[in-house]
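Engineer: Whenever a hint applies, use it, and build me the whole structure from the sequences.
Residues per chain are reported as follows:
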Amino acid sequence: MSTTSIPAPRTGYSRHKSTRSKFEMFAWLFMRISGVVLVILIFGHLFVNLWAGEGVQAIDFGFVAGKWASPFWQIWDLLMLWLAMLHGTNGLRTIIMDYAEKPGTRMALQMILYIASVIVIVLGTLVIFTFDPCPAGADPALLASFCSAA
Amino acid sequence: MAKASTGTLYRGNEGMWSWVAHRVTGVGIFFFLLVHVLDTALVRVSPEAYNAVIGTYKTPFMAIGEIALVAAIAFHAFNGLRVILVDFSKSGPKNQKKLFWGVIIVWLIIMIAFIPRQLMHTFGG
Ligand code: HEM
Ligand code: HEM
Chain A
696 MSTTSIPAPR TGYSRHKSTR SKFEMFAWLF MRISGVVLVI LIFGHLFVNL
746 WAGEGVQAID FGFVAGKWAS PFWQIWDLLM LWLAMLHGTN GLRTIIMDYA
796 EKPGTRMALQ MILYIASVIV IVLGTLVIFT FDPCPAGADP ALLASFCSAA
Chain B
2 MAKASTGTLY RGNEGMWSWV AHRVTGVGIF FFLLVHVLDT ALVRVSPEAY
52 NAVIGTYKTP FMAIGEIALV AAIAFHAFNG LRVILVDFSK SGPKNQKKLF
102 WGVIIVWLII MIAFIPRQLM HTFGG
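Protein chains in written order, with our numbering: chain A, 696 to 845; chain B, 2 to 126.
Incorrect hints may appear among the rest.
Here are some, though not all, of the chain B residues that point toward chain A, as calculated from beta-carbon distances under 7 Å [stated by the list, open to error]:
(1) F31
(2) L35
(3) V38
(4) V44
(5) P48
(6) Y51
(7) N52
(8) Y58
(9) K59
(10) A78
(11) G81
(12) H122
Stretch-level coverage of chain B by chain A, calculated; a stretch enters the list once three of its residues show a Cβ under 8 Å from a Cβ in chain A [as the list claims (entries may be wrong)]:
(13) 15-28
(14) 65-77
(15) 111-121
What the hints contain is simulated information worked out from the structure, not anything from laboratory work. Remember, predicted model here, so these are calculated numbers, not experimental data. Ideal placement from N, C-alpha and C gives every residue a C-beta, glycine not left out.
Structural biologist: So, in structure tokens, the structure goes:
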């Protein structure tokens, strides 16, 4: 009788060897790296906007003007926007692949997803960089105090 | 999907339920973010328009919604870190159940701290 050889755990076991693409590997890694960075960005965002001071009660146009007067918060929000949108879009892509089995449905849902994501990323980026904290003709009572200082 | 009823981290119990919750919270946060970027974009319309919309975030109804949002983010974030640890750390797979309960405990601490704070902001006091 020959002895049965038992392979060491996790050697030579792969569900699919040949379909592994560079893009999927990159997407997998991106989910993890963006996740770690997003923990800091989002908890920081929630701490400042929801916890500190009067929390959400303190937010108005002047509050946003005060934050975006500083490049620090501009970059913070820009990174958060891009990373969260790309992370979320890729996550939804995975979910569409899991549940939509007809190629037509898959294609349609993916197109809607990508179009919505591009619109939101472009719009959010433009808003950060074209924001005017002291718009001409606006009610001064609604603006940050530095608008009337000049 | 693995057909075996044993030998997978993902069938039944903590492994599967944390995966379901991770998926549900991820989708929820994504749709919040779509709306959130649109409402923030109102700063480009006028101070009045922005203040009117952000004003609705300050009502008791929305205050409860914000508690739900924080609950979803905190779970997704800590469970995401657990997934990353299980993937990258040698002892991660062996400890994934302990890590899951760690996630629940940290999540509870955040919620116990945040809920009273949020209620104070909303109702004063
Ligand atoms: C109820 C909770 C939240 C409140 C009250 C809130 C409030 C705000 C406010 C006032 C701004 C304007 C700029 C600033 O203050 O930095 C903003 C921008 C932003 N928030 Fe939030 N936020 C909340 C939750 C979140 C979450 C959970 C995310 C991420 C998933 C997020 C992502 C962003 C992004 C990406 C921007 C920049 C938008 C743009 O580029 O136009 N926020 N938020
Ligand atoms: C707070 C920091 C975050 C961390 C640490 C994190 C972590 C992760 C990780 C590691 C995965 C991959 C899970 C896997 O491959 O099994 C994932 C998936 C996902 N994330 Fe996040 N994430 C975070 C924030 C967000 C945000 C802000 C959104 C929404 C905009 C989001 C939406 C999703 C979605 C939709 C999935 C796919 C879920 C699935 O395939 O079941 N995540 N997250």
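Engineer: Does each hint fit the structure? Answer for all of them.
Structural biologist: The hints, checked one at a time:
{"no.": "1", "hint": "F31", "verdict": "4 Å, holds"}
{"no.": "2", "hint": "L35", "verdict": "6 Å, holds"}
{"no.": "3", "hint": "V38", "verdict": "4 Å, holds"}
{"no.": "4", "hint": "V44", "verdict": "5 Å, holds"}
{"no.": "5", "hint": "P48", "verdict": "4 Å, holds"}
{"no.": "6", "hint": "Y51", "verdict": "5 Å, holds"}
{"no.": "7", "hint": "N52", "verdict": "5 Å, holds"}
{"no.": "8", "hint": "Y58", "verdict": "5 Å, holds"}
{"no.": "9", "hint": "K59", "verdict": "5 Å, holds"}
{"no.": "10", "hint": "A78", "verdict": "5 Å, holds"}
{"no.": "11", "hint": "G81", "verdict": "5 Å, holds"}
{"no.": "12", "hint": "H122", "verdict": "4 Å, holds"}
{"no.": "13", "hint": "15-28", "verdict": "holds (count 3)"}
{"no.": "14", "hint": "65-77", "verdict": "holds (count 3)"}
{"no.": "15", "hint": "111-121", "verdict": "holds (count 3)"}
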